[in-house]
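S.K.: Letter by letter, the chains look like this.
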Amino acid sequence: MYGVMAEFDTAEQLLAAGRRARAAGYRRMDAYAPFPIDGLGEALGFRSNAIPLIGLSGGVVGGLTGYIMQVWIHTSALPINVGGRPLLSWPSFVPVTFELAVLFSALSILGGLFILNGHPEPYHPVFNVAGFARATRDRFFLCIQSDDPRFDEHATRAFLYGLGAREVSDVPE
Amino acid sequence: MAADVEAPFVEHGFGPLLGPEHSYGSITDRVNALVLAPGPRFWWRVGLAVGLVLAMVLFISMTVLVAVGVGVWGVMIPVAWGYAITSFVWWIGIGHAGTLISAILYLLKQQWRTSINRFAEAMTIFAVMQAGLYPLFHLGRPWFFYWLIPYPATMNVWPQFRSPLVWDFFAVSTYFTVSLIFWYLGMVPDLASLRDRAVTRSTQVFYGLLALGWRGSARHWHRYEQGYYLLAALATPLVVSVHSVVSTDFAVAIVPGWHETIFPPYFVAGALFSGFAMVLTITIPLRRAYHLQDFVTDRHLDIIAKFTLVTGLVVDYSYLIEHFIGWYSGNQFELALITNRAFGPDGVWYWVLLFCNVAVTQLLWFKGVRRSPLALFFVSILINVGMWTERFVIVVGSLARDYLPAAWGTFVPTPWDWAFLFGTFGLFTSLMFLFIRTLPIIPAFEMRRLFREMWLGARG
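Protein sequences, first through last, are from chains D and Z.
0 is the number of the first residue of the first sequence in numbering that gives the first Met the number 0; add one for each residue after it.
0 is the number of the first residue of the second sequence in numbering that gives the first Met the number 0; add one for each residue after it.
Incorrect hints may have been included.
[To be verified] When the alpha-carbon atoms are kept at most 20 Å apart in a straight line, the in silico SDA-like pairs for lysine to any residue are as follows: (1) Z/Lys108 x D/Gly38; (2) Z/Lys108 x D/Pro35; (3) Z/Lys305 x Z/Gln109; (4) Z/Lys108 x D/Asp37; (5) Z/Lys305 x Z/Gln361; (6) Z/Lys305 x Z/Leu381.
[As the list claims (entries may be wrong)] Covered stretches of chain D (in silico footprint by chain Z; criterion: 3 or more residues with CB under 8 Å from a CB of chain Z, positions within the stretch not fixed): (7) 22-33; (8) 68-75; (9) 86-92; (10) 108-114; (11) 118-126; (12) 132-139.
[Stated by the list, open to error] Here are some chain D residues the structure puts well away from chain Z; computed CB gaps all over 10 Å: (13) Tyr1; (14) Ser56; (15) Ala129; (16) Phe150; (17) Glu152; (18) Ala154; (19) Gly161.
The hints are simulated quantities; they were obtained by calculation from the structure and are not laboratory data.
For each residue, glycine too, the CB sits at the ideal point set by N, CA and C.
Isolated chain D, as found in the complex:
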């Protein structure tokens, strides 16, 4: 069994449920919502700055790649005198440096999201829950996973009902 899934009607209920589940000591859990809800990640104790860091690194690498490539090409690979300008005429290298910084940063954000979010992942146990399709429409779900140390099938179910869930169902593996 993967865990136990509670279904809620509103975003406010889900936020409150997430906070209370965390206060009750549950750690291995995830919430599912049809749109991003401010503070939901924090309510579950999830914090991450991985994506901004990946984006920044990508941008720095891209900018350096662009600039060093141009300097190398115009000073050593193919040094051509254009209108008497110095070979290392850095102002004319700025646009391409900028473009490559943006390009690398965007691609690394995309790659970071794919890797950290585990895309593509066509199958996941939560899809087995009847009615979970409404997680992309108008319902809000909280799943406490069976690998949580405090997980107990009956106690956890009762706990979730106590949070005001309209329905609690098992999530088969």
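We have chain D already, so just place chain Z on it with the hints.
M.R.: For chain Z alone, coordinates are given in the frame of chain D:
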């Protein structure tokens, strides 16, 4: 949920951004029904058919151009740039309003952008595709386009990075890639929604593959929002850089009428101006055909019209400064250029552009015009024409009248010039029509979030 709220969506002093009596479910169902409801409408088929016929004209023109050479166009020396570069600048400019709506207004937390950002982004991507075709086929030998990419070739030759044309290659390809990532990433949660609503096996598989297994996990949303916000922050300076780089293609040359420091901001303003006009041209029939007045309300049209007016005024101011500096410089070539633009053999186009971009734009001061979809539609068409004409006057007018009268020439477009131009309209239209029927044209998850924000706001 909507039942316990009284008129929550009317902000003080403005019209609503979302029709009344909506809920999370109804928003989702409306957006999904546009794609999942069976059988395309009659007018959709007619529109797509017209688009495809014109797209065929484009493919034939491309084939002829590759088989015969760029000589099938009216380009020659001195007017080596003709319709191709005019249309390139025009198409790429159109894309810019899409990025402004989707990225800059997202950073500024402008809620009204939500319902129109998806198809504005689609417009960007399809417009950049058309734009890219022109320089590619203008190369003469398009199969050697990869010479623009720096790679260790056996000939040991590298691109010249001091040339704005090389900057242009990097700017446009980066712009296209980043816009595509932004667009696709923005669609993933809505594609998951379509996957979950799809009935037939083939649509389930199609949207299932595109949705990447999205399940709305709080952890995923957290990273997703960070990533999306950062992409918006990257796209914002990018869009300014793209048309600035395009303008340096002209400004770096010493041709009169091109060699001007005002060009980068002037071009960026012109790009946004024509782009907003194109957003109106697309939005107005779309919202009528699909009865989207709940989502794209009269207030949206009003705001877009105001943006068109503001960017239009910046463009008008640029015209003024351009001509003032031409006169103030006392340079005889600049003076000759200005006189020739207005009273030379092709002077009529100058008056057309002034009529469309300066005179017609002023109609947008009037609330009556901004509130009338039909009037706005015609204004937007005229602005589209005016902006194309502006680029034509800049590209062809300057090249045709260089420094030496002995080097002057007259550009005469051939049927293939026209075929290529109307062909790109066709490809653009076809892609737009296919997009409307296969992908979510309104970001349903952002509308659901907007609904909650307004609901919370109404509760106080």
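S.K.: Evaluate each hint against the coordinates.
M.R.: Taking the hints in turn, this is what the structure says about them:
no.: 1; hint: Z/Lys108 x D/Gly38; result: 18 Å, holds
no.: 2; hint: Z/Lys108 x D/Pro35; result: 15 Å, holds
no.: 3; hint: Z/Lys305 x Z/Gln109; result: 14 Å, holds
no.: 4; hint: Z/Lys108 x D/Asp37; result: 14 Å, holds
no.: 5; hint: Z/Lys305 x Z/Gln361; result: 11 Å, holds
no.: 6; hint: Z/Lys305 x Z/Leu381; result: 16 Å, holds
no.: 7; hint: 22-33; result: holds (count 5)
no.: 8; hint: 68-75; result: holds (count 4)
no.: 9; hint: 86-92; result: holds (count 3)
no.: 10; hint: 108-114; result: holds (count 5)
no.: 11; hint: 118-126; result: holds (count 8)
no.: 12; hint: 132-139; result: holds (count 6)
no.: 13; hint: Tyr1; result: 13 Å, holds
no.: 14; hint: Ser56; result: 12 Å, holds
no.: 15; hint: Ala129; result: 13 Å, holds
no.: 16; hint: Phe150; result: 18 Å, holds
no.: 17; hint: Glu152; result: 22 Å, holds
no.: 18; hint: Ala154; result: 23 Å, holds
no.: 19; hint: Gly161; result: 21 Å, holds
In summary, this structure violates none of the numbered hints.
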